[in-house]
Amino acid sequence: MLKHAASAISQASRVRGARLISASAVSRKDLVQDLYLRELKAYKPPPQAKDAHVGAVKSYSAPSPPKPPAVPADLAAELSKYDAEEPDLAESVTTTVTSAEEGTSGGAKEFLAFLEQDLPKREAHH
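Residue numbers (the numbering used here): 4 to 129.
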């Protein structure tokens, strides 16, 4: 009985295996894909006009070359006039520095002296 069951199982598996394996591939056509590919191949874009770029592209024009500086006709006279002029000295205006504390002038020497001072010692809390 056990031999019969084993042989029945092996025969059933052979039948199933033979049915699952096929020597020829099943060819199924996809109608939507065929229509799409045919329309893609048949599509021809409309030809563009030769002046289609007119509104989108500016025409190139080279910049004008720079003009050389003009040399004065009477350069020697202008140089002698410049040498003869007295320079205008700017008047030193004394500004008063106002500070929040009276008596503090804020000079550089005082600031450096402040930086050179020792730091105050911290008191230990008991």
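Hints are computed from structural coordinates only; laboratory data are not their basis. Ideal placement from N, C-alpha and C gives every residue a C-beta, glycine not left out. A couple of the hints might just be wrong.
Here are the simulated DMTMM-like pairs of lysine to aspartate or glutamate, each with C-alpha atoms no more than 20 Å apart in a straight line [to be verified]:
#, residue 1, residue 2
1, K32, E42
2, K47, D33
3, K44, D54
Label pairs and their computed distance ranges (CB to CB) [as the list claims (entries may be wrong)]:
#, residue 1, residue 2, range
4, L118, S67, 40 to 46 Å
5, G58, D33, 39 to 45 Å
6, K47, S67, 56 to 62 Å
7, L118, A93, 55 to 61 Å
8, G110, P75, 37 to 43 Å
9, P68, P48, 58 to 64 Å
10, G109, K84, 52 to 58 Å
query = Does the hinted range 37 to 43 Å hold for G110 and P75 at CB?
reply = 49 Å, violated
ask   = Given the hinted pair K44 and D54, is their alpha-carbon gap at most 20 Å?
value = 28 Å, violated
query = Within 56 to 62 Å or not, the Cβ separation of K47 and S67?
reply = At 47 Å between Cβs, range violated.
query = Do the beta carbons of G109 and K84 sit within 52 to 58 Å of each other?
reply = Violated, since G109 and K84 (Cβ atoms, about 44 Å apart) do not stay within the stated range.
query = K32 and E42: Cα distance at most 20 Å?
reply = 17 Å, holds
key: S67 and L118 - C-beta distance against the hinted 40 to 46 Å   = Violated, at about 59 Å.
ask   = Is it true that the CA of K47 sits at most 20 Å from the CA of D33?
value = 24 Å, violated
request  = Note whether the CB distance of G58 and D33 lies within 39 to 45 Å or breaks it.
outcome  = 43 Å, holds
task = Mind checking the hinted window 58 to 64 Å against the Cβ distance between P68 and P48?
result = 44 Å, violated
message = A range of 55 to 61 Å was offered for this pair. Does it hold for the Cβ distance of L118 and A93?
response = Since the Cβ atoms of L118 and A93 sit about 32 Å apart, the hinted range of 55 to 61 Å is violated.
When each numbered hint is compared with the structure, violations occur for hints 2, 3, 4, 6, 7, 8, 9 and 10.
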